[in-house]
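**Q** Residue numbers (my numbering), protein chains in the order written: chain P, 2 to 327; chain A, 21 to 343; chain U, 162 to 495; chain L, 265 to 564; chain W, 5 to 506.
None of these hints come from the bench; they were simulated from the model.
One should not assume that every hint holds.
Examples of chain L residues toward chain P, derived with CB under 8 angstroms [what the hints assert, rightly or not]: (1) D386; (2) L389; (3) M390; (4) D394; (5) L403; (6) A492; (7) T500; (8) I519; (9) N523; (10) F527; (11) G538; (12) V542; (13) A545.
Idealized CB from N, CA, C, for every residue including glycine.
So the chains spell out like this:
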Amino acid sequence: MFAFILQRLAQAAVVMITVAFISFMLFQYVGDPVVFLLGQDATQEQIKELRQALGLDQAFIVQFWHFLSNAAQGEFGFSLRQGTQVSTLIAERFPATLELALVAGVLALSLGIPMGVYAALKRGSFTSQVFMTLSLLGVSLPTFLIGILLILIFAVTLGWFPSFGRGEVVQMGWWTSGLLTAKGWHHIALPAVTLAIFQLTLIMRLVRAEMLEVLRTDYIKFARARGLTTRAVHFGHALKNTLVPVMTITGLQLGGLIAFAIITETVFQWPGMGLLFIQAVTFADIPVMAAYLCLIALIFVVINLIVDLLYFAVDPRLRVGKSGGH
Amino acid sequence: MSLLQVKNLVVEFPSRKGTLRALDNVSFEIAPGEILGVVGESGAGKSLTGAAIIGLLEPPGRVGSGEILLEGARIDNLSPAQMRVIRGREIGAIFQDPLTSLNPLYSVGRQLIETIITHLPLNATQARERAIQLLKDTGIPAAEERIDHYPHQFSGGMRQRVVIALALAAEPKLIVADEPTTALDVSIQAQIITLLKTICKERGAAVMLITHDMGVIAETCDRVAVMYAGRVAEIGPVYDVINRPSHPYTAGLMACIPDMSEDRENLNQIDGAMPRLNAIPQGCAFNPRCPKAIAVCGQKRPELMVAGNTQAACWLHDAGGSI
Amino acid sequence: MSEVSLPLVRATDLAKTFDVSAPWLNRVIERKPRMLLQAVNGVSFDIERGKTLALVGESGCGKSTVARLLVGLYEPTRGGFSFDGVDAHAAFKTAEGRKLRRRVQMVFQDPYASLNPRWTVGDIIAEPLREHEILSDDSAIEQRVSELLQSVGLSALDRIKFPHQFSGGQRQRISIARALATQPEFLVCDEPTSALDVSVQAQVLNIMKDLQRKHGLTYLFISHNLAVVRHVSDQVGVMYLGGLVELADKHTLFDTPRHPYTRMLLDAIPKMHDTGKARTAVAGEVPNPLNPPSGCAFHPRCPHANARCSSEKPVMKPIGGIRVACHAVEEGRI
Amino acid sequence: MFHRWWDGDVGYSFRTSPTAIFAAIIALVCLACAVFAPWIAPHNPFDLTTLQLDNARLPPAWSVGGKMEFLLGTDDQGRDILSALMYGARISLAVGLAAVALSLLVGVSLGLLAGFLGGWVDGLLMRLCDVMLSFPAILVALLIAGVGRALFPNAHESLAFGVLIISISLTGWVQYARTVRGSTLVERNKEYVQAARVTGVAPLRIMRKHVLPNVLGPVLVLATIQVATAIITEATLSFLGVGAPPTSPSLGTLIRIGNDYLFSGEWWITIFPGAVLVLIALSVNLLGDWLRDALNPRLR
Amino acid sequence: KTFKWSSASDIATWDIHSQNNALQNGIHAAVYESFVYYNSKTFKIEPVLATSWKEISPTQMRFTLRAGVKFHDGSPLTTDDAVFSIERAMMPTSNFTPYIQGVDKVVKVNATTFDVISKTPNPVLLNQMTELRVMSKAWAEKNKSVAPKDIKTQEENFAHRNANGTGPYMLKEWLPDQKLVLTQNKAWWGKADTNVTEIVYTPVKAVATRMAALLSGEVDLVLDPSPQDLPRVRANADLKVMDGVENRTIFFGMDQFRDELVGSNVKGKNPLKDVRVRKALYQAIDADAITRVTMRGLGQPTGAIVAPQVNGWTEAVHKRYPFDVAAAQKLLADAGYKDGFEVDFACPNNRYINDEQICQAVTAMWSRIGVKAKLRTLPLVTYFPMIQRNEASIYMLGWGVPTFDALYSLQSLVRTVGAGGDGNYNVGRYSNPQMDALIERTKKETDLKLRTELLTKALQLHNDDVANIPLHNQVIPWAMKKNVEVVHRADNRLDWRLVKVK
Ligand SMILES: Nc1ncnc2c1ncn2[C@@H]1O[C@H](COP(=O)(O)OP(=O)(O)OP(=O)(O)O)[C@@H](O)[C@H]1O
Ligand SMILES: Nc1ncnc2c1ncn2[C@@H]1O[C@H](COP(=O)(O)OP(=O)(O)OP(=O)(O)O)[C@@H](O)[C@H]1O
Ligand SMILES: [Mg+2]
Ligand SMILES: [Mg+2]
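Hey, can you work out the whole structure from these sequences and the hints?
**A** Below, the structure written as structure tokens:
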């Protein structure tokens, strides 16, 4: 178990260094931040000087090494656009994205799993067909289109929800929360729905497929043969076994939520990391981009680790145990 | 009165090329405490018969006609909820693969207690005691400790014991055991069969033992039914069926089995293969392969008729003398 | 037909160890030792040309591993075997080995998994022909495939069908036809009938015997069904936990089994015609191959075990025309 | 070949599934419109000489101010929306199909190698997959597209499409690799593969001839669904401005362009491409769904 | 009343000398005041913190500071603060170099006056002073914010997130990219014609969302609405649009340096070197149609490279060559390109209003005279470095003139590339000795009238040479609620003293 975690962490480190390297390498080509900093009217000398000052003239590998050694200390340098420590920027934005992803994730899970279970248990019924068709619509509609349509309908035409922003936030130490005020919930509704729809349909389809698979197994048949109640069979036995494989994918999906938030945050001007990233891309703000990507990788790694640990909790086969047979 | 009566049972699978009759007019009875063996080639319909009795036919399979009576009461037309109460309480089941029959995520104790509480008016502690007792009865050493272990921590033979314990948990009157030892090693097989036999004798439960191993049948059963292509070919006391088979198929089957006591260059064989469900020949399903086939075999379907100590579905024994 | 002195197949001290250890990091941190599984541990036997050696034993005792070693699917960890006087294990790797492969073929247990579901039967049987460039001309191949199909009792027209259109017994015959395509001399059959019904099993066994008579084939036949073994074999080797414990002529073995394990196995055979008689089951559990008992592997289940059995590992010794590995037999206790 | 398919189980399940037929018809119509766009489209939206700025933003023919000539109206450059849709679908489909084909090629070969060879090859490739998976698809595509453009600033349309295809397939292959590896691991231990090895067939040939055909089933399903995903990814990238160039707009580009006009009442510029995009994705997804069930023997 | 407004991007810092960015300067102006400011209505320079100024010598200007002005922290404004602030703008980490160009030093004269001394006579000093804002010296010293924060100083100073000016509004809260709140300064020295007590600024990047916010009433004013939405805004009974000509001209530059164009099918020569070709391209563009359709009226077609507010501009240079396809075709034929040619054409896609659409339309227009422009559009991050590497054959550029003097444009855009900002955006590398001579003369000319004539002459020369193809002056629309009253300034910023919400 301990070895397992250690192994995972080592793996995570490798993944993150790779991610950092790739992203850093790619950014070399994304654009030149100096143009922004100095504006259109700068002279070549000024440009050169600033490049030097920022260390942009150093060899790529030197720049990368600097970046890496700083990153190891949680320091990603300064945003070229805002001149603030990247770690501060990210820390400011992180709560917004996390809350959005959480609300969307909870929404997707709390609707997706029951719908998937229903569609599996009532395979072929009208409602489950409706669910399946709707879910296809969910994966066929591009996120940006969903967002814009929601704004058009619920914000502009009906005026029920605000179209952008996070509303009132409550400051709690370094964390800001929009979930403590009614306004905050009001604001999070549309973006969270937009973000959740895609994941919801994926989770629903996944749960349904896995559930159908599990319902066909011998132990379910045997559970029925033992005369257990339908409830016990479906929810005690089938659902739990369904959730084991669903967990991995769901874990990845939740990581995906944070990444997908880029589009949602852009459409709804949600002041999260995705927006920060998109703006960083527009301004070729390399430190911010690199930090963001590393953070995303970290989140993925952490989620994967949690999922693996959950496996240990849920699946006794993985626990090291006194084994009677072989 | 017999415990279980199956009368003219028909099981069908609707398919795109018409409805397939997987079981065709299957009839037999099981007396209380009796062990009935069901043998036959793979695909003969043994498992379907078992599934129909415990009401777990997988859709789209369905009982087309016929009746299943438990202690004289029909159970084939019960609602799912009513049938559920009967399963486990009145009829227990054991399936082929002990590894996959147990939910890997729950300890065997949990699965046992769950079953006991569902059917018997016991509280959790009583149920646990009973579960431990069941495990002991099925020969699991250190049952108090092993009850909290998970299925993967047991060996194949022990798992099958747990499955038997689960099937017996609510003292059912009938146990449908569908190939309980096929997945097990030869040496374990004997242990399990012996256990099943003794424990059922002790509790007076009847058993329907499905297998295609004649040897197992021979040593275990009181009576045996031989199935072929969804029909019962012969049914009767085990000694008679094995030593004096009345149906040519049974005879052929017996001859196929390599015998320990004699040396032969070649085994007897029945040429050809069992027909597919969508191509069951007219008349007796066995007639194209039958060495003793006569004209009527290809035209009229034989029903079970008395043939010595057994009953066989074969025109050769037609007392009415249609030959 | 065969020279008496030289057996066609000779296995000497054949052994195969699998490394089933946990990953390196886990071993280091959890201080777990390397786990080596001795699947086959020093097995020696000869098979005369045209004869059948049967290997019997419980599940997991290493029968299949021996079979795979013989056809070159595994590399032996120790020992080796020769085929027709040639060190086959070394030869499999050389260009010569290709010729050797033609002479050694295998029939697998599962008739459903041993045929590629996407290939026609004709292609399946023709593959060895093409691979070994025995025939290259398409019509000649077709001709040969038809012959092969007919020799296993199928129709030449079945060539164009797919495996799923055949029953289990028919598939097993197709497997045999494929194995026969290169006209091998030695056929390794790993439980070829254990997935089949008795009636189908009889068909397959009969064909195998016919082929042996016609082509002088040599078989290594693996099964745990002693009745079947008795029917097909000339010699029988009994395996227990990776090692041979008794190797004898069929009649000798079945009539006067020496090793206690062999006796137990024979007792466990259901007696068909004495209905209702319970057989004596082999007592105890199958040992864990990762942690085999000390001394004689069978001693925890053996009624004749004594102190020596639990400390000293018996070796195969010729005793009264057979070879057996048992202290009790050696000492004359049984 | 077709006959066997049509008469087989898959064909049967197709004929009896109204959704499948419906989806297939829609997909075929879209495909036909895309393929034959140059012959059936009323205008050629890529031919700049025909564009008249004064025709810009005309509403659909049935509304006030619409012209019959432009059935579904025109966009901001005076392009006929209907024709632009056909040509745009052509580009979207081409990009989607090419991206899927490329990721199929890479993913299937790598998955096959990893599964069949095992050992460090497997370890390495699977770690690579892990790395790719911790990079969300859109991010990768965004980066590649950005880098591609930056690397070849003089690149015009053709290269833009190349970059687009590569960036989409770069994340797509992982799923195929994983699926194929999984099935290969199962398939590799099946006895027919061992039979081939006993015969002495070379590993590469075994992989190609024996394993590959047997692991393609799930991949096929995945590929169908990925076509839809790829089209949407393309659209999203175009929406974010790193996709198809505006002079030869794909559906995504059309939506992006039209997006600016959504609130100004010129809804047709964005709604029609959006609807077509959803329609294509939906029909392909429906087909994939149906195929998944049809190819799954246990659901038959 | 609270006034809520929005535009695309947020400001980067509250440090007034850290970055020179138009939007940021405009927002800073509410909190930090400058010495003088352009009057919002007349666009003449008017006093703010400096009440009067007088030229002591051609290189010395004396300013008198307004009395009774207090910073937000209550401390009074002194000449020390004034001197400190100008010196702060002159520090190496300051980005305000354009506004202190030519300034030699600042000298405190007494408690109410100070002198600005320039190196050479500087006719635009007052214009520069409009953007030099004043910060409290004591406050800066106390809070370690003496030096402006810049990218190179990798440290945040206090002034980055806090502000202490003299302006009509005080910084209350700033959450970057989320929200910026200013509250009214009750103790302000002046009298403002406003009823706004709180200003809330929300940057919203996506234009559709921004417009949605206005339409749904969440904001009162959008500084940069999308032109396409204006008709709808205009049609909305609760909303209105205000527009004005911005001091920014959009034009197309052409590579007139290479002997063979990259990516063209003309080999061995550069067609763009031929004035007839340039003029043909010019006359093929229907600027009116672009203004009418693509820009929806938000453009002022022009033949000049500068906007009307700029010194040197005249009606004459403003006049365009007529749109005439036939003439264009003839010119091309004369130049030997009867069948046209292929040429590379680059445009930004997120810099100017409708930049991408304009370029597409122009591409279509050129295709009608046979010129096949191979259009590529790039985001500004990659676009500007690219054109600065002289990689584009034809490119789009928009040029604003903060000094309101044509020299600023001419020097950057058409002067032969040289030292000190000469030709720094002459990306097409146009070079004409006559033009260079004219520009050099204006640089030194102190006779303002003559100087203006010289500028006009240079502008005319630019037009005769078709050095660039001007298109239009951008017209900037603001969209807002009907109940909002603001003054539209040519520099596209709000005057906080004049905002009213009814
Ligand atoms: N879902 C189904 N659809 C169609 N036919 C089915 C289905 N399930 C079973 N059958 C058919 O019913 C017949 C009887 O099946 P059954 O499982 O009872 O055989 P069995 O005697 O138990 O064989 P085995 O020894 O292999 O377990 C077979 O021919 C089988 O093909
Ligand atoms: N590739 C392998 N890796 C690790 N262990 C293996 C491998 N193959 C076989 N073993 C182990 O070697 C032992 C012998 O296996 P083998 O398959 O030879 O048994 P068997 O006698 O053929 O059993 P069965 O009757 O079940 O086929 C078993 O314990 C098995 O778990
Ligand atoms: Mg069965
Ligand atoms: Mg084996």
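**Q** Tell me, which hint numbers fail for this structure?
**A** Going through the list in order, the structure violates hints 1, 2, 3 and respects the others.
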